[in-house]
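Novice: Note that the protein sequences, when read in sequence, are chains U and Z. Residue 12 in the numbering used here sits at position 12 of the first sequence, with consecutive numbering throughout. Residue 17 in the numbering used here sits at position 17 of the second sequence, with consecutive numbering throughout.
Output of the computed footprint for chain U on chain Z, the stretches with three or more beta carbons under 8 Å from beta carbons of chain U:
no., region
1, 77-88
2, 97-104
3, 243-249
To give a feel for the contact side, a few chain Z residues facing chain U, derived at Cβ under 10 Å:
no., residue
4, R15
5, E21
6, K48
7, N52
8, V53
9, P56
10, F57
11, S58
12, M91
13, E92
14, T94
15, V252
What follows is a set of in silico ranges between Cβ atoms, one per label pair, in the way DEER data are often shown:
no., chain 1, residue 1, chain 2, residue 2, range
16, Z, S18, U, M177, 25 to 31 Å
17, Z, L205, U, K186, 38 to 44 Å
18, Z, S229, U, E23, 50 to 56 Å
19, U, A93, Z, S18, 17 to 23 Å
20, U, K54, Z, I63, 49 to 55 Å
21, U, H109, Z, G198, 41 to 47 Å
22, Z, L204, U, K52, 57 to 63 Å
23, U, E66, Z, F151, 51 to 57 Å
Since the hints were made in silico from the structure, they are not lab data. Here the structure is a predicted model, which is why all the values come from computation and not from measurement. From the three backbone atoms N, C-alpha and C, an ideal C-beta is built for every residue, glycine too.
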Amino acid sequence: MKAYAQPIKKLISELGKLPGIGEKTAARLANYILRSTEDDVKKLAESIIEVKSKIKLCRICLNLTEEETCHICHDTTRDQEVICVVEDPDALAAIEESGGFRGTYHVLHGVLAPLDGIGPDNLRLGELVRRINEGHVKEIIIATNTNVQGETTALLLTRMFKEKNIKLTRIAMGMPMGGDLKYIDKMTISKSLEFRRGM
Amino acid sequence: MAVRESYKTTGFVLRTLSYGESDLIVTFYSHDFGKLKGIAKGAKRSKKRFANVFEPFSLTNIIFTRKSRDMLAFIESCDIIDHYHAIRQDMEKTLIASYFIDLTDHFSPEGKKNEKVFQLLRDFLLMLGKEKASDATVRFFEMRLLKLTGFEPALEHCIVCKTPVTNGNSYYFHAGEGGIKCSACAQPQRYEQPISAGTVRTLLLGKDMDIEKIKLIALTDSLAAESRSILIGFIAHVLGREVKSLKVMEQVRKLCT
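Let the sequences and hints guide you as you build the complete structure.
Specialist: Below you can see the structure in the form of structure tokens.
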């Protein structure tokens, strides 16, 4: 990196801080930026600043949004009585992409991880409790991941809300679509048998 | 150039750490090598090669290669022996099992084989899966782990006058000195909480008692609180820090009661 002029060195070191980007890739990106038109570079810089200054959490579901409430909570055609609880905004985006859900969400922004010291105090549970206490919720779909941490979080939510008069459901576990039994691990197979359904 | 030798062992997954885009650094407590750290290449991306194997407290068969003892092992393959399904279905049990492996991780130096610690984990996870989760299980695990790793507190007699524990007397636990003092030797301050001879005896009993009998023991509230305060305080003193999984366990208990 010695050969580069100071401003380029600075750019390379900043880009190198991004995940998955080493010094060589950073240098390649820096060179690309250097060759781009001034207009393109301005757009890139502005979008980085914009994302940081405009994005906040939705007042209702804690999804990332630039308004007070996100577009999902704002949409009156969606079923406000069903809340799908997810770990993070990426999980919410994945469910939205599938197009199979027309209710609303709640983002926990984390998951119980005893070994990392992440407990209920570090999760965004308060907003969910408040929504449930308002009394309009009929069903909670717990869509945390199916690993130990996600399962423990699901058990915690079940424990917290089982006394309330709402339906608590958990996303299904088992065979993926297009899966081949020969190559599926034994735990997934045993879960798919446990959660089999009538035809 | 040193040749990579291939090894095979069984081990419990203690923790995983993300490394780069797709790799995981996994810490095991293995039967043949004690605490063992290895890198699982592509574990985050490939669901075929390492499907669901690196979940905390799972018991696995591991095949790994390494150039020398002080180098990170390269995990070739890893298969599940036991997921401890019954533990994973119960929040309280999952939190206790997480605490067990957290403690084992803290008290085990890397590369030091201790079959008894491996067996302790195996026995207690098996019991946790079958029986109801209780305070006694947690306390007796702590006592046994402290004993096996060489940090057993001196509870048989007063560490100053050496008088054996007698029923009816009160004792004071001194974490810094690693044992109990009788009320005559301790010169207790007003804020210090005495512990009963009954608590001391229970902990001594749990240290060596047959694992099958642990399920029969139910600690009274005061006994549970006293033994908890001794052992948690002592563990924090020995480690020089708080055990994170314990803190989480307490938060959950507070929320759910």
